[in-house]
Amino acid sequence: MPRTPIDLLQGTLDLLILKTLSWGPAHGYAIARWIEQLTGNALQIGEGSLYPSLHRLEERGWVTSDWQLSENNRRAKVYTLTAAGRQQFRAEQKAWGNFVEAVRKVLDAPALPA
Amino acid sequence: MVPMEQPLAGWRRYLRFLRPDIKADINDELAFHLEMRARDFERMGLTGLAALEAAQSGFGDLAAIRDACLTIDERRFRRASRKETLMSFLTDLRQSARSLLRSPGFTTVAVLCLTLGIASTATIFTAVRGILLRPLPYRDAERLLVIYDAVPERNERGVNISYHDYDAWRTGNRTLEDVGMWGWSTITISSDDESERVEAGLVSANLFHVLGVSPILGRNFLPEEEKPDARVILLGCGLWQRRFGSDREIVGKTIRVNAVPHTVVGVMPQGFAFPELGQAWRPMTIDLATEPGNRFNAGAIARMKPGVPLSTAAADLESVMRREEERYPNDYKGWSADVRSMRDNVAGELRRPLLVFLGAVGMVLLIVCANVANLLLARGLARDRELGVRAALGASRGRIFGHVILESAILALAGGLLGALLTPWGVRLYAMTYPNDVPFYFSLRVDGWILAFVATLIAAATVLMGIIPSMRATAIDVTAALREGGRSGAGGIRGNRTRNVLVVSELALSVVLLVGAVLLVRSYRSLTNTNLGFSQDSVLAVRVSLPPAEYTVRAKRIVYWDAVYQRLSALPGVTVVGSAEGIPFSGWQVSAGMSIEGRPFVDSKDELGVHYQNVSPRYFDAIGARIVAGRGITEQDRDSVNLVGVINETLARKQFTGINPIGQRMKWGDAGSKWPWITIVGVVSDFRHWRLPEPVHSAIYIPQQAWPSASQTLVLRTTLADPRPLEPSVRSVLRELDRDAPAYQVQTFRDVVSRSLWRQRLQGRVLGLFAGMALLLAALGIYGVISHGVTQRTRELGVRMALGASRREVATMILAQGSRLAAIGVAIGVAAAFLLRKVVAQLLYGVAPNDPLTFTLVPIALVLVALIASLIPALRATRVDPALAMRAE
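First to last, the sequence lines map onto chains A and B.
Counting from 1, one number per residue, gives the positions in the first sequence under our numbering.
Counting from 1, one number per residue, gives the positions in the second sequence under our numbering.
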């Protein structure tokens, strides 16, 4: 039975990427794997769409990249969260919490408010 | 599916050091992802190919993702590189500015020279634009023509026209929209307490319409007002404001003009004046019944139909003249129409001087640029080591080129901005040289054009000054520079050669300017040293005009003038009072064809052009001319039938060679004309009546009281060195005699003469100023080069002196270097000046354009200046201490 795909909101993917990078530098494939494992594949991210997001984050100065040798001796582009990126992550995390809270309140409401 | 591009080939990695290979990086990154995914799938049991396909299908649209990444990365790098360029430009700018500030002496001198050069150039350009380029303030001014009569055979142009000429041109042309006519005039405007003489004009009713200028109040004249009893007047704005308190109800009011009431019909716009300074206008009386040859109206102004070239209009008017010749051969044979554009008419004589000024100031600016380039080069030589180090550290040629040219750009910009600020002052200075105010139709304003011109000068100066030093800087041989620089920069022979070329050019340009300036100054001197034949000192001229309506009776005029001479002679300080219709240099140049009794008068082109006028008995005394034969004019010469006259030496010499002119008779026109015979009773010494450089023309003087005129210029010889303080008492005497005949044009003879030479004086001064600047700059340039040479050769000089060279030998060696440069520069300059001599030839008087004195003195002077400029470094060279010099290295 196919799982119900959840369309990612604009910016949500950025938030997930920032979160994964907050644990430490990683290359694109590692980020994709972590998100996959943590969400139990609930979020059907087209794996490829991760990359434009990463490049955009780099353009904004929230992550930097450099080429490193991977575990299998292959050149891999490794992304690192910058100070500005960490700040941005905190802000977005908070905004996301507020958003979820607000939506939950509506969904949990027993009746139309008087 | 698009086949994956191969991961980076090994060698391409190294290209990254130059510039990141964005595309390859993206491919690499995405390929890594797919490989990793495929490997994971393989671990889960898929075979190689299947694993890769599965990885790709899970990835999404590879091409689209790659493009998206590419777009983002390209944008990022573009921005980064733009920012980097800007940052590096700012760094360079800071560096250049700092390095200029480190040598404040050099920077100050360079900026000062540039400021003066650019301000002078912009000032002259403002004059060129205001006088030669900016449209004149009339509607479609380029279609306006000014027409006079001309007698080509006698080389006479700008001759007065007759009503008949005007009528023939107006009705007979095919190329003109309309033709208007005008005449000179002054009028007396009087009220109960004050009367004044005002410059005015007589105009045909259509003249202002032809010019395209309309009154701001009231109306233009009507055609039916072109008659003597019209008694209407148009006022100039300035006169209206000053005299009538800007009364907006003035139209329709009556004012007293020449003692007769006139109705004001309108007020002309602010600033408008015609002719020259005219501030009031009355309609011209058009009397077509007068003889066709009666040419006493000043001129005509015509407006060409759109698209008609001047030559066509001129040919058209010429054919009108030829048609008139068929009808009136006596009055038109030999006569032509003198047709010029309005611009040529007002600016014609200023065109060449202005262009000469522009060329001269351009040369000054070139010299400035050469000088600054030279200083920059000298700095560059001293900094070879610094630049060598920079080059060795990897600064690109472009970067070093940019650094040096930025220095010159900063200097040019500073000089240009300061120069632009100074320009209005320069323009004011220039305008002050005008004898009266600058005419209203020339607007000497610093506007957008001038600023754009200054911007161009800044750009040109940047390139001119910066190109050689920066090319030299980029051509530095790094190793040589470092090695040579190790022993305080010697700079190399090539750098010195460039500097020598620059100095030689400066000297050559200075010679050209100096030759031009000396020629013009000598020309002005020769004008002012001309024996005028009359004395300028202690003579006051005062013009007075009787209101014609009150003095129609001849006897009344005689009484008035007798009273004037008597009363003015009685004034303390006044020794002689005389008068003439027009004094020398006043522009009163009435001439007519005359014949001598007993000689055939063949046709008009044989007639003697003789200047004539009515003068009072003491006129010759008053101006300081002498009677050389016969007698002068006396109090008793009042007979208007048996007229007597005094001729000048020129007429006597030309017409009466070997004959005694006394007792001979002359008359206007041919022997049969209605005019009376004039018996010659005396010969007066020649004096310059026409403005210099015109020669003395034949003249005959008639007793004023025989035909008492309405307007005379009184000439008062006084005991005062400066007769101006007499003005108030002269004015009050004249006011007492007739309040409607006020004194005007009160001036000393010295002023009259000096004002008439303003253009020649201006030419001498402007070129003298520029030549002076050029000389100073060239001296500075040669000093800089020689002085720098001495510094460079300190060690060599030390060695020479250690080996026994005397101080004198060292000094001579340095001086020889300076004089060699001077000799080459002067030789080139003299040759160039000789080739350019035709440019100023037309502006010269009494000096040949290849004047040997000038062409001898200027080179000598320049070589001397060059030697003096080299003397200071030469003396410094003699003080070199051999021991110190050799150790210092």
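Everything labelled a hint here was simulated from the structure, so no lab data went into it.
Note that the structure is a prediction, hence the values are computed from the model and not measured.
Don't take every hint at face value.
Label-pair restraints from in silico Cβ distances [unchecked claim]:
hint : chain 1 : residue 1 : chain 2 : residue 2 : range
1    : B       : ARG98     : A       : PHE99     : 26 to 36 Å
2    : B       : LEU451    : A       : PHE99     : 26 to 36 Å
3    : A       : LEU69     : B       : THR108    : 55 to 65 Å
4    : B       : MET87     : A       : ASN98     : 53 to 63 Å
5    : A       : THR64     : B       : TRP425    : 21 to 31 Å
6    : A       : ALA102    : B       : ARG98     : 29 to 39 Å
7    : A       : PRO110    : B       : ARG78     : 27 to 37 Å
8    : B       : THR71     : A       : PRO25     : 57 to 67 Å
Residues from chain B shown here face chain A by an in silico Cβ test under 10 Å; the list is partial [as the list claims (entries may be wrong)]:
hint : residue
9    : PHE59
10   : LEU70
11   : GLU550
12   : THR552
13   : ILE596
Don't be surprised by glycine CBs; every beta carbon is placed ideally from N, CA and C.
Hint-by-hint comparison with the structure:
Remark: the range hint 26 to 36 Å for ARG98 (chain B) to PHE99 (chain A) is contradicted by a beta-carbon distance near 53 Å. Between LEU451 (chain B) and PHE99 (chain A) the beta carbon distance is about 58 Å. The supplied range of 26 to 36 Å is therefore violated. Our hint of 55 to 65 Å for LEU69 (chain A) and THR108 (chain B) holds, since their Cβ atoms are close to 60 Å apart. Checking the proposed 53 to 63 Å range against MET87 (chain B) and ASN98 (chain A) shows it is violated: the Cβ atoms sit about 40 Å from each other.
Take THR64 (chain A) and TRP425 (chain B): their Cβ atoms lie about 58 Å apart, and the range 21 to 31 Å is violated. The hint said 29 to 39 Å for the Cβ distance between ALA102 (chain A) and ARG98 (chain B), and at roughly 57 Å that hint is violated. In this structure the hint that PRO110 (chain A) and ARG78 (chain B) lie 27 to 37 Å apart at CB is violated, the actual value being about 56 Å. As the Cβ distance of THR71 (chain B) to PRO25 (chain A) is approximately 25 Å, the hint placing it in 57 to 67 Å is violated.
Below 10 Å, beta-carbon pairs count as interface contacts, and PHE59 (chain B) has one with chain A at about 4 Å; its hint therefore holds. For LEU70 (chain B), the interface hint holds, since its Cβ comes within 10 Å of a Cβ in chain A; the closest pair sits about 9 Å apart. A cut of 10 Å between beta carbons decides the hint on GLU550 (chain B): the least distance to chain A is about 96 Å, and the hint is violated. The interface hint given for THR552 (chain B) is violated, since its Cβ lies 100 Å from the closest Cβ of chain A, which is over the 10 Å cut-off.
Taking 10 Å as the C-beta cut-off, the interface hint given for ILE596 (chain B) is violated, the closest approach to chain A being about 104 Å.
Hint check: violations occur at hints 1, 2, 4, 5, 6, 7, 8, 11, 12, 13; the rest are consistent with the structure.
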